[in-house]
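Given next are the chains, with one letter for each unit.
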Amino acid sequence: MKKILVANRGEIALRVLKTAREMGIKVVTMYAEDDKKLPHAFMSDEAYSLGSGTLKDTYLNQEKIIQIAKISGADAIHPGYGFLSENAEFAERVEKNGLIFIGPRPDSIIMMGDKIGSKKALEHVGIPMIPGYHGDDQSVSTLEKEAIRIGFPVLLKASAGGGGKGMRIVHQASELQEAISGAKSEALKAFSNDKILIEKYIVNPRHIEVQLMSDTQGGHFHFFERECSIQRRYQKIIEETPAPKMSDELRLKICETAVKISSSMNYRGAGTVEFILAPDGQFYFLEMNTRLQVEHPVTEMVTGHDLVRYQILVARGEKLPLTQKEIVQKGHAIECRIYAENPDEGFLPTIGMIEKIGIPTLRDVRFDCGFNDGAQVGVNYDPMLAKLIVWGETRSVCIDKTILSLDEVLFAGVKTNRDYLKRLLAHPKFREGSTHTHFIPDNAQDLKPKSFSRDEKAWAIAAFLMNSQKKLTVKTTSSVSEQTPWSQLVSFRNV
Amino acid sequence: MKKKIEINKEIVEVDVLNQTDDSIEFIFEGEKYLFDLKEKKAQTIILSKANEQGFAHVFESSVFTQGREFQIQKPEVHQKKKNREGADLISPMPGKIFKILKSQGDVKTGETILILEAMKMEHSIKAPKDGRIKKILFKEGDLVQGGVDLVEMEES
Numbered sequence: 083m084k085k086i087l088v089a090n091r092g093e094i095a096l097r098v099l100k101t102a103r104e105m106g107i108k109v110v111t112m113y114a115e116d117d118k119k120l121p122h123a124f125m126s127d128e129a130y131s132l133g134s135g136t137l138k139d140t141y142l143n144q145e146k147i148i149q150i151a152k153i154s155g156a157d158a159i160h161p162g163y164g165f166l167s168e169n170a171e172f173a174e175r176v177e178k179n180g181l182i183f184i185g186p187r188p189d190s191i192i193m194m195g196d197k198i199g200s201k202k203a204l205e206h207v208g209i210p211m212i213p214g215y216h217g218d219d220q221s222v223s224t225l226e227k228e229a230i231r232i233g234f235p236v237l238l239k240a241s242a243g244g245g246g247k248g249m250r251i252v253h254q255a256s257e258l259q260e261a262i263s264g265a266k267s268e269a270l271k272a273f274s275n276d277k278i279l280i281e282k283y284i285v286n287p288r289h290i291e292v293q294l295m296s297d298t299q300g301g302h303f304h305f306f307e308r309e310c311s312i313q314r315r316y317q318k319i320i321e322e323t324p325a326p327k328m329s330d331e332l333r334l335k336i337c338e339t340a341v342k343i344s345s346s347m348n349y350r351g352a353g354t355v356e357f358i359l360a361p362d363g364q365f366y367f368l369e370m371n372t373r374l375q376v377e378h379p380v381t382e383m384v385t386g387h388d389l390v391r392y393q394i395l396v397a398r399g400e401k402l403p404l405t406q407k408e409i410v411q412k413g414h415a416i417e418c419r420i421y422a423e424n425p426d427e428g429f430l431p432t433i434g435m436i437e438k439i440g441i442p443t444l445r446d447v448r449f450d451c452g453f454n455d456g457a458q459v460g461v462n463y464d465p466m467l468a469k470l471i472v473w474g475e476t477r478s479v480c481i482d483k484t485i486l487s488l489d490e491v492l493f494a495g496v497k498t499n500r501d502y503l504k505r506l507l508a509h510p511k512f513r514e515g516s517t518h519t520h521f522i523p524d525n526a527q528d529l530k531p532k533s534f535s536r537d538e539k540a541w542a543i544a545a546f547l548m549n550s551q552k553k554l555t556v557k558t559t560s561s562v563s564e565q566t567p568w569s570q571l572v573s574f575r576n577v
Numbered sequence: 488m489k490k491k492i493e494i495n496k497e498i499v500e501v502d503v504l505n506q507t508d509d510s511i512e513f514i515f516e517g518e519k520y521l522f523d524l525k526e527k528k529a530q531t532i533i534l535s536k537a538n539e540q541g542f543a544h545v546f547e548s549s550v551f552t553q554g555r556e557f558q559i560q561k562p563e564v565h566q567k568k569k570n571r572e573g574a575d576l577i578s579p580m581p582g583k584i585f586k587i588l589k590s591q592g593d594v595k596t597g598e599t600i601l602i603l604e605a606m607k608m609e610h611s612i613k614a615p616k617d618g619r620i621k622k623i624l625f626k627e628g629d630l631v632q633g634g635v636d637l638v639e640m641e642e643s
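If you're matching them up, the sequences are chains W and B in order.
Per the working numbering, the very first residue in the first sequence carries number 83; after that it's consecutive.
Per the working numbering, the very first residue in the second sequence carries number 488; after that it's consecutive.
Hints were generated in silico from the structure; no laboratory data involved.
This one's a predicted model, so the numbers in the text were calculated from it and none came from an experiment.
Glycine included, C-beta positions come from ideal geometry on N, C-alpha and C.
Check before you lean on any hint, since a few could be wrong.
With a cut-off of at most 25 angstroms between alpha-carbon atoms, the simulated PhoX-like pairs for lysine-lysine come out as follows [what the hints assert, rightly or not]:
(1) LYS438(W) - LYS496(B)
(2) LYS586(B) - LYS271(W)
(3) LYS530(W) - LYS511(W)
What follows is a list of derived Cβ distance ranges for each label pair [claimed, not checked]:
(4) GLY133(W) - LYS491(B): 48 to 54 angstroms
(5) GLY517(B) - ASP388(W): 22 to 28 angstroms
(6) LYS586(B) - MET435(W): 26 to 32 angstroms
Let the hints inform the model, and build the full structure from the sequences given.
Right, dumping it as structure tokens:
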């Protein structure tokens, strides 16, 4: 493998580029016309335009992407995450064209893409699933019997739909009959189908996932877990590892369960198994993502292994130079996703021109960012601007360092969730490690913006007034100002 | 010299007692402050208040300091912007007109006139004050750019 085409954009394209360079592999990137001023369009060895249009015409244009690989002489394609990364048809097409797909085999993608089928298949291998009833017998007596078998609280859901229609949480048997008839009539009204299903309702669940990596020589490894419970709009915004408040025994059990999945399907490459963890320590399979995850860097920071490097080694057919014992967790890492959005107005996306990003300066801080100063943030792509990943000896040190580092990546010019992330990290319940997937709605009141103190305002006023004064001085007395240290700094700045 | 400054959408009065190239002394909310300028480079300045030091990053309408972000400007600068925005309803971002909920006629403050869809998310365009809709300039399904007028309104 001498040349890789990265079929993606933004920070992940640059992430793959870095490792490929380190391995002596040339990198080809591609870009939509509206992205041509972003680093992924000019940091690589070769770059090709995808033209403009909808995503189907550009980053999802399979034919064009394969054509670029051929023209450039790339021998492999790395899909990154999102876009075509979990598209089995694309993976197959890549391989049919004699190129290497840096990812799992197409059949693994298909299997895990089928959410119901994969659960059935994995249940046979002994992977724990959320107890539930999905049967056709909809008589009240059967539903009651099943609810009692599952154990309270249970969730009643309309089989046909989503959006909370027909949903009921039932805490005890005496509430069942009324809830069943209520859920059924609501389901009938909303979806013209009164079939309901029952699932165990998990109070304060946590989202725990396990990083997996498998080679083609029978090596199936895990790189421990990540805690990703802090979510808004069903999207993660803070991820960390190790998971707080988790016993080593449970950690091992979850990780070994995940490896059972990768080895049972003879998986290839990087993958992540997501679990729901109940407060009682029971955990249930949710889904498997057959790609590199956005949050993979926290795992790299704590284990010291480069997951993209292993993806490439596996794609070359090499045996991973590892034993499970050699993979250990050291210290703690947190990733914050910096989004162009307004958390105080429903997390709506924002747009604008990035005047200045800034650089984190503390030790063991990684900043994966696909933008540069002066870049426009538009609405055509995901609003994630960057990921700030911080390592510390302990979780507490790591939280403090993350808060400090967030102050160094300003993203001036665009409203971001930066301040909101700081509020989350500083929340006493987050600090003590009491994370669960409803953390943001449950603590909404505490997470509102803090008021500004008189002293804080005075600093801002002083800076504002001193800044406007300086501009005037330079303009009006240019001959004098050239003699001042300030003017020497101006030329310094241009170096 | 008394100066009016708009900080976080609130207009405050600052009594500047003395300002040189290297220092500023002012009274704000009854408290006297003295800051020294220690260094300035591009948008970054370093100030000190007695021996306490801090960075400030100063941009066109925002200042980052003390770990906080401030919207700060001269009041008149903002006024102009406000007038422009207040006249009609402007799309906050490029997107698709998802739904139009009102037609010509009276609306009350906060009532949703139409919903704009961008990046799979819905953004409600609400009446900023009581008034009358003169014209809605687009129809459902239309694609609009950011910053364009969506609705012509007049105040009641």
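Against the structure, the hints:
1. LYS438(W) - LYS496(B): Holds. LYS438(W) to LYS496(B) sits at ~23 angstroms (cutoff 25 angstroms).
2. LYS586(B) - LYS271(W): 23 angstroms, holds
3. LYS530(W) - LYS511(W): 15 angstroms, holds
4. GLY133(W) - LYS491(B): 48 to 54 angstroms: Holds: the Cβ-Cβ distance is about 51 angstroms, inside 48 to 54 angstroms.
5. GLY517(B) - ASP388(W): 22 to 28 angstroms: 57 angstroms, violated
6. LYS586(B) - MET435(W): 26 to 32 angstroms: Between LYS586(B) and MET435(W), where Cβ atoms are some 30 angstroms apart, the hint holds.
In the structure shown, a violation is registered for the earlier hint numbered 5 alone.
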